[in-house]
Amino acid sequence: MSNEYDVIILGGGVAGMTAAVYTARANLDVLLLDENACGGLVNWTKEVENMPSYASIGGMELMERMQKQVESLGVTVEEAVCIDSMDLSGAVKRIEADDETYTAKAVIVATGRKPVPLPVAGDCEQVHYCAICDGAPYIGKRVLIVGGGNSGFDEAIALLDLGVSELTLVEKMDRFFAAQSTQDALAARENASTRHSTEVLSLNGNGKLESVTLRNMETGEESELQCDGVFVFMGQQPGTDAFAKQLRLDEHGYIITDDVMATSLPGVFAAGDVRPKKYRQITTAMADGTIAALEAERFIHTTR
Amino acid sequence: MNEIKNITDQASSELFRSYNDAIVIFYKELCPHCKNMEKALMKFGAKSPETELYCVDSEVKGDLMAELGFERVPTLIFIRNGEVANIYSGLMNPRELKALHASL
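Chains P and C supply the protein sequences, listed in that same order.
Residue 100 in the working numbering is what sits at position 100 of the first sequence, and the numbering runs on without skipping anything.
Residue 43 in the working numbering is what sits at position 43 of the second sequence, and the numbering runs on without skipping anything.
Misleading hints may appear alongside valid ones.
Stated by the list, open to error - List time: in silico DSS-like cross-link candidates among lysine-lysine, alpha-carbon distance up to 30 Å:
1) P:Lys68 x C:Lys98
2) P:Lys141 x P:Lys46
3) P:Lys68 x C:Lys47
4) P:Lys141 x C:Lys5
5) C:Lys61 x C:Lys5
6) P:Lys46 x C:Lys5
7) P:Lys46 x P:Lys172
Said to hold, decoys possible - Reference excerpt, derived from the structure (chain C facing chain P, CB under 10 Å, subset only):
8) Asn20
9) Glu29
10) Cys31
11) Glu38
12) Val60
13) Val73
14) Glu96
15) His101
Keep in mind the hints are simulated off the structure, nothing from the lab.
Since the model is a prediction, treat every value here as computed from it, not as a measurement.
Beta carbons are placed, not taken as given, at the ideal position from N, Cα and C, and that holds for glycine.
Please work from the sequences and hints to get the whole structure.
If you want it as structure tokens, here you go:
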């Protein structure tokens, strides 16, 4: 099997899959590599209700449909890939992964973002990043949610629906950022409370979490909260460590692109959440993936 | 391709006694980490056909999880010669999985 492709797409989320559709339909040989299962952050979304075509669809189901479409177009998809190194600087781009060398004329980086970890020493088994995955053991128990954005509030409601006995949500900033309707929905729950301007100082317990120490950032006052589990939804950060020495990144680690998704290296494009942008939605990721793919095609056909 | 066989209602730790070299993944249907771990397991299995791969829906077999003493998913149970050789909760990539399997 040849490992030479026209385009290699790194990342199988919405941006990467859209780029795969467009490049494949341009009759290019395309390889899509993902370090996990394809789907990206949408896999973490229980119901998607803001993408035209479905009034409501499960995130995983949506991404499985996208992957099926991509594979039906002849794109080679490799998941659970361990990428060892890459050289994107030359006319031929090289990627070493899983003891193989893959080459391409153009690369589209669509590696998205990953959840920000809780910056508290003493990480323990009772710290989680996914309510769907890890919520069940906390039925009848007390949990703390860290993060006052849409994810924090949505997951808080999901945990209450599951049957947690008591829930506290804290946000470091001086206000919450979730949609007001979601904030109202949580405020209506008797066994839930919220605190902004509050950070987690420490996780306390002997082998198993027993409490957390919180600090009010305005008054400096510290308090202890009894809880059995912590669920963290503090936003995401770009997965760009592997590109830091090759591509220009901004101060937050996002890959800098122009308006046609071109990066600082010829033939290398970036799309989706991995680049700096104001609105991170499925639809905007699709737009990025489309543009990156069309530009990659143009690059390949105009660069000899 | 080494496929992952589904263990359903008759699953119990006694069943493991019939396995010589096997990995059992406990998962939840809508768990994205489980989906990632399943892909890693399939990749491992493609290169290790001698290892049998099984999956158990944790929401169907919560009693088996309690019996084995864990409550998170994804969790991998490594069986060697009919005995539970290791229990690992959380994510691994195929390379880490291969190394752990080889160390048992």
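Item to check | Closest C-beta approach of Glu38 of chain C to chain P relative to 10 Å, hint status | outcome: holds, 7 Å
Next on the checklist: Hinted pair, alpha-carbon criterion (30 Å max): Lys46 of chain P, Lys172 of chain P. Please report holds or violated.
Outcome noted: holds, 25 Å
Item to check | Cut-off 10 Å, beta-carbon criterion: hint that Glu29 of chain C touches chain P | outcome: Where the cut-off is 10 Å and the nearest Cβ of chain P is about 9 Å from Glu29 of chain C, the hint holds.
Checklist entry - Has the given pair, Lys46 of chain P with Lys5 of chain C, been kept, meaning a C-alpha gap of at most 30 Å? => result holds, 26 Å
Next on the checklist: Can you confirm whether the C-alpha distance between Lys68 of chain P and Lys98 of chain C stays at or below 30 Å?
Outcome noted: holds, 28 Å
Checklist entry - Regarding the hint that Asn20 of chain C lies at the interface with chain P, is the smallest CB-CB distance below 10 Å? => result Where the cut-off is 10 Å and the nearest Cβ of chain P is about 25 Å from Asn20 of chain C, the hint is violated.
Item to check | Hinted pair Lys68 of chain P and Lys47 of chain C, Cα distance within 30 Å | outcome: Answer holds: Lys68 of chain P to Lys47 of chain C is near 24 Å, not above 30 Å.
Checklist entry - Quick one, are Lys141 of chain P and Lys46 of chain P close enough, alpha carbons at most 30 Å? => result holds, 23 Å
Next on the checklist: Next item in the hint list is Cys31 of chain C. Is there a CB on chain P closer than 10 Å to its CB?
Outcome noted: OK, holds: Cys31 of chain C within 10 Å of chain P, min 4 Å.
Checklist entry - Was the hint right that Glu96 of chain C lines chain P, CB cutoff 10 Å? => result holds, 9 Å
Checklist entry - Does Lys5 of chain C lie within 30 Å of Lys141 of chain P when you go C-alpha to C-alpha? => result violated, 34 Å
Checklist entry - With 10 Å as the cut and Cβ atoms as the points, is Val73 of chain C at the interface with chain P? => result Where the cut-off is 10 Å and the nearest Cβ of chain P is about 6 Å from Val73 of chain C, the hint holds.
The structure fails to meet hints 4, 8, 12 and 15 from the earlier list, while all remaining hints are met.
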